[in-house]
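Visitor: Each chain, written out:
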Amino acid sequence: MHELSIVSGIVESVLNFVAAQQISKVVDVRLSVGELTNLQPEQLCFCYTALIEQTAIAGSKLEVEAVPAVVSCPHCSYQGPPKYWADALSLAPVPTLQCPQCGKATEATQGHECAIKTIKYVA
Amino acid sequence: MIPTIEASPEEIYDIELEKTLLQANAKLAKENRAQLDRHDITAIDFMGAIGSGKTTLIGRMAAKLKDQFNLAMFNGDATTVDDVNLIAKQGVPTVQLATINGCHLDANLVGKALRKIDLNKVDLIFIENIGNLICPAEFPLGSRARVVVVSVTEGPYMVRKHPHMFLGADIVVINKIDLAEVMGVNVEDLARDVHTLKPDIKVMLTSCKTGAGVDKVAAALLAIKESRADA
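Just so you know, the protein sequences line up as chains A and B, in that order.
Per our numbering, the very first residue in the first sequence carries number 1; after that it's consecutive.
Per our numbering, the very first residue in the second sequence carries number 1001; after that it's consecutive.
Chain B on its own, in the form it takes in the complex (with noise of 0.2 Å):
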């Protein structure tokens, strides 16, 4: 609430406001968490770089995941619909949430978004961000767990030079795993890298093109998923 004073002509006033501006943002991605656990979804959101493999993850999760749950996908993208036909294809309800020139998604625009899907009929929900290691960060959405999706072609000192995106996030996908030796990474040194910055976080392998580690990671989202029914 702005607080109201008395103010006379010709004066200068210090007025104090206490305004957070990513309250705004974080009241809403509370209300959408409330609406998703109302109707007792669990919604998991996607971070990562551009062409770290986040949709491709998504597709593997779709395909290992659908039969068992119903599932719907919301695209963040700039200004391409690729991405969201590519999940799409496998039968998945998807929103495309186009930011234009926005460089990450909000709880406005995933708010939006779960009002056009029958939330009755879902169960998981993937919210795939901008492809941005530095302004989705500060953009909680009411999902339930954020991923970073990383890959072994951004070279080996990413996790460094982008520490903000993991101290938020809950899970590490390290993708192309199979590159890593051409690419003259070392998996290990990122994953120490992540440890670093947050002990807790859990970090998987991956290599999406050929299936390695994939597994592990809906196994993950599972727990995220049934962690939600326990409680």
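So that you can see chain A by itself, here it is in the shape it has in the complex (with noise of 0.2 Å):
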């Protein structure tokens, strides 16, 4: 459950913003999560609503956005998508990577980003 720990960090990130800029309320937050983070949203959004209760930001909503993969190989200059791994036996396709092209070890350059995008608040 690691998700419980980074949203202990969003939370008390969007604390301090809310009281070095003395805001009264804030409506939502919305956080860009990228595919080979492995957070899951629901999961993200259920640590926010339990985590804000009694705070100053209580009654606030957190959307999560996500933010598709990208990868770059070496080898064959390829950028795009990853290549997922058809068959493994997955619900959800599972981004590999392995090169889309040329089947080389590629490097991601997108996809593992986990940032509070904007705040969305009453003054």
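All the pointers check out, no bait thrown in.
Here are the simulated lysine to aspartate or glutamate pairs, EDC-like style, with alpha carbons at most 16 Å apart:
1) B:1161 <-> A:87
2) B:1161 <-> B:1189
3) B:1112 <-> B:1031
4) B:1225 <-> B:1040
5) A:104 <-> B:1200
6) B:1027 <-> A:113
7) B:1121 <-> B:1067
8) A:120 <-> A:28
9) B:1216 <-> B:1170
In short, the hints are calculated from the structure, not lab data.
If you're wondering where the values come from, they're calculated on a predicted model, not measured in any experiment.
The task is to assemble the complex, starting from two chains supplied on their own in separate frames and drawing on the hints.
Guide: Below is the structure:
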């Protein structure tokens, strides 16, 4: 349940922001989460709701926006979406670091992020 | 940095923050790494499920390498000290990182552990992560290499069930190969799954019980240590 420690960080950042700016009410917090982070949006939202109770941002909402993975291949210069593992018996497609073009090892250039994009609030 | 904006009452504002949350950990991990590099220390992080053989493998590595290098071991464990005691018995300085309910080590805990040992008297640190195949992947510690230990007793699908863990790893050790036949697990299938996820990853087969393959893992760790010396 690493979502809990990550959401603790989000809540702390937002509370610090609210205190510093003397904001009366936070409406929503938008988070962008990369495809390669292994963070589940539903669990993030659940943890958020649980953690903000009785804080200055109680009642606000967490919205999670997915950021797709992008890989770059040093062997054949491919850049784009990763190759997905089709027969992994998985419910969701499993991104891999195998190059969709040449099959060699790629590096992920996007998809590891987890960032607060915007905070919507009433001053 | 949090940007400052002028706000008037009763109006809804939408502010761009762009604050990376895993950034705090990543920054501390970089600091750990810089500190280790300054002291010419190589740290290697061992991840894997509970019972996969992380401690036994580290024990084997300690036995092979302790005459050549000054070792230390940081042991992440939610509650017990059993594992760390096994390594301490070999005369290796150890630090227990008790996470209580935490499901992974983070760079902050490792940074604290670095303050508990004499960095001038250590060349190689083994960090044993919490037994967990999901959470530690998100939290780099500052190590030079990440090793994932899987064992055939975890079944034939364990790699494809935990793909994220392997994407960030440098070496995968498939352990307990002496039990593969009784478990009905094909070791080559597991290795192929790992390479499907990450073609350039090093896969090594061991039985930490019989000692099979252990020398090769020690040689791979040595190569990581030496690549540092060349750098």
